[in-house]
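Asks: So you can see what is in the structure, the chains are spelled out below.
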Amino acid sequence: MQSRSLEIGVGLFLLAGLLALLLLALRVSGLSAASSGDTYKLYANFDNIAGLTVRAKVTMAGVTIGKVTAIDLDRDSYTGRVTMEVEKRVDNLPLDSTASILTAGLLGEKYIGISVGGEEDLLKDGSTIHDTQSSLVLEDLIGKFLMNSVNKESK
Amino acid sequence: MRRKSPIERIALLGRAGIDVVEAMGRSTLFLLSSLFGRSGLRNGGQLLIRQLYSVGVLSLPIIVVAGLFIGMVLALQGFNILTSYGSEQAVGQMVALTLLRELGPVVTGLLFAGRAGSALTAEIGNMKSTEQLSSLEMIGVDPLKYIIAPRLWAGFISMPLLATIFSVVGIWGGAMVAVDWLGVYEGSFWSNMQNSVEFTEDVLNGVIKSMVFAFVVTWIAVFQGYDCEPTSEGISRATTKTVVYASLAVLGLDFILTALMFGDL
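Going line by line, the protein sequences match chains A and B.
Numbers 91 to 245, taken from my numbering, label the letters of the first sequence in order.
Numbers 36 to 300, taken from my numbering, label the letters of the second sequence in order.
Derived from the structure by calculation, the hints contain no laboratory data.
Just so you know, these numbers come straight off a predicted model, no measurement behind them.
Any given hint could be a false lead.
As the list claims (entries may be wrong) - For lysine to aspartate or glutamate, the following EDC-like pairs were computed, each having C-alpha atoms within a straight-line distance of at most 16 Å:
{"no.": "1", "chain 1": "A", "residue 1": "Lys147", "chain 2": "A", "residue 2": "Asp164"}
{"no.": "2", "chain 1": "A", "residue 1": "Lys147", "chain 2": "B", "residue 2": "Glu233"}
{"no.": "3", "chain 1": "A", "residue 1": "Lys157", "chain 2": "B", "residue 2": "Glu233"}
{"no.": "4", "chain 1": "A", "residue 1": "Lys157", "chain 2": "A", "residue 2": "Glu177"}
{"no.": "5", "chain 1": "A", "residue 1": "Lys131", "chain 2": "A", "residue 2": "Glu177"}
{"no.": "6", "chain 1": "A", "residue 1": "Lys157", "chain 2": "A", "residue 2": "Asp215"}
Claimed, not checked - With the Cβ distance kept under 7 Å, some of the chain B side facing chain A (calculated, not the full set):
{"no.": "7", "residue": "Tyr88"}
{"no.": "8", "residue": "Ala131"}
{"no.": "9", "residue": "Val203"}
{"no.": "10", "residue": "Met228"}
{"no.": "11", "residue": "Phe234"}
{"no.": "12", "residue": "Gly269"}
As the list claims (entries may be wrong) - Computed from the model, here is a short list of chain A residues facing chain B with C-beta under 7 Å:
{"no.": "13", "residue": "Glu97"}
{"no.": "14", "residue": "Phe103"}
{"no.": "15", "residue": "Ala110"}
Beta carbons: idealized from backbone N, C-alpha and C, even for Gly.
In isolation and in its complexed conformation, chain A is listed as follows (with noise of 0.2 Å):
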């Protein structure tokens, strides 16, 4: 009876043990069984990422729907080329959508907000997003703005 007592809490222990490591699976990093696979790839050129980091979401309506797999610098146009990965049941992106870098909040974290275009043709896996809107850095826009006032005053 004693060591049957202890395997049940031996049992139980194990049990608790593996059941945290996939809550932390689950929850916490939320890993889910069907992340990849049925997805497809966008790529876009920004003049400015600044901020954007891989793995930020991209949304569209503000629903998310993919997110950032890669970003690298296209040397020959000088710009941040960024990989997404968007869900594939999301496969009705006209071929001139925007992709915008946004912010949420005023520190907040950067994600790619995708506006729909007019055109017929779709978007396909591979395809590049061609209108794109750059990251607003805030330090452009104070200096634009010190500009603006000082050409005031001198007027």
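With chain A's structure known, arrange chain B on it following the hints.
Replies: Structure of chain B alone, referenced to chain A:
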């Protein structure tokens, strides 16, 4: 007291060095022979289960309570700091990453050294001083297989599990404080966490860390017990050594592992 001649001092240094190297060699041989020696015992599973119970299951309460409080404190502190940047939703990310990458494995390692490691050392040391180990040998049972190996394996198996449970409980405690008491929006708490925590990068690396710590802590604890002087004073010294060495090893190895895993070295 007579002044020592330089030659004698050098000899002393040499002796100390030889002692250290000898101890390391002994402990390695000890580890290898108890892990990989063929068990040959029919009730090996029973022994392992008994040790898993006393090393793992009985450590659960302290791990759960410590994890809960550490998670709660992290959430409180993180909230206070992050709220001044207006980004208190990130508290979930902070709590989860801190626990998974660092505090889970490290604090579990330290608590494990104190709770289970010291007990292992004292138990084995006591067996040695009351000559239970030699009597086992006398009746033809290898104490390495009968006493040591189940304890080593129990430590290796239970500590990673304890560390995962610690992290889960800590994250739950953090969620409780942040969401229920401090009013962080639940959805952004979890989604922020899920966006930033990567399974292989964070969760698995944490588990690997705790495996390494489990190995080192159990090894130190069991070896100190096996190698202690068979007197009551020797046992107390060995127990102290276990806790001190194991804690230092956990903290030192943590730095090295962190540098390897997250430091882009």
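Asks: Run every hint past the structure and note whether it holds.
Replies: Each hint tested on the structure:
1. A/Lys147 with A/Asp164: 21 Å, violated
2. A/Lys147 with B/Glu233: 14 Å, holds
3. A/Lys157 with B/Glu233: With Cα atoms ~13 Å apart, A/Lys157 and B/Glu233 stay inside 16 Å; holds.
4. A/Lys157 with A/Glu177: Given pair A/Lys157, A/Glu177 holds - Cα atoms ~9 Å apart, limit 16 Å.
5. A/Lys131 with A/Glu177: 9 Å, holds
6. A/Lys157 with A/Asp215: 15 Å, holds
7. Tyr88: 5 Å, holds
8. Ala131: 5 Å, holds
9. Val203: 4 Å, holds
10. Met228: 6 Å, holds
11. Phe234: Hint on B/Phe234: holds, closest Cβ of chain A at ~4 Å, below 7 Å.
12. Gly269: Constraint on B/Gly269 not satisfied, violated at 31 Å.
13. Glu97: 6 Å, holds
14. Phe103: Holds: closest Cβ of chain B sits about 5 Å from A/Phe103, inside 7 Å.
15. Ala110: 4 Å, holds
When the structure is compared with the earlier hints, violations turn up for hints 1 and 12 and for no others.
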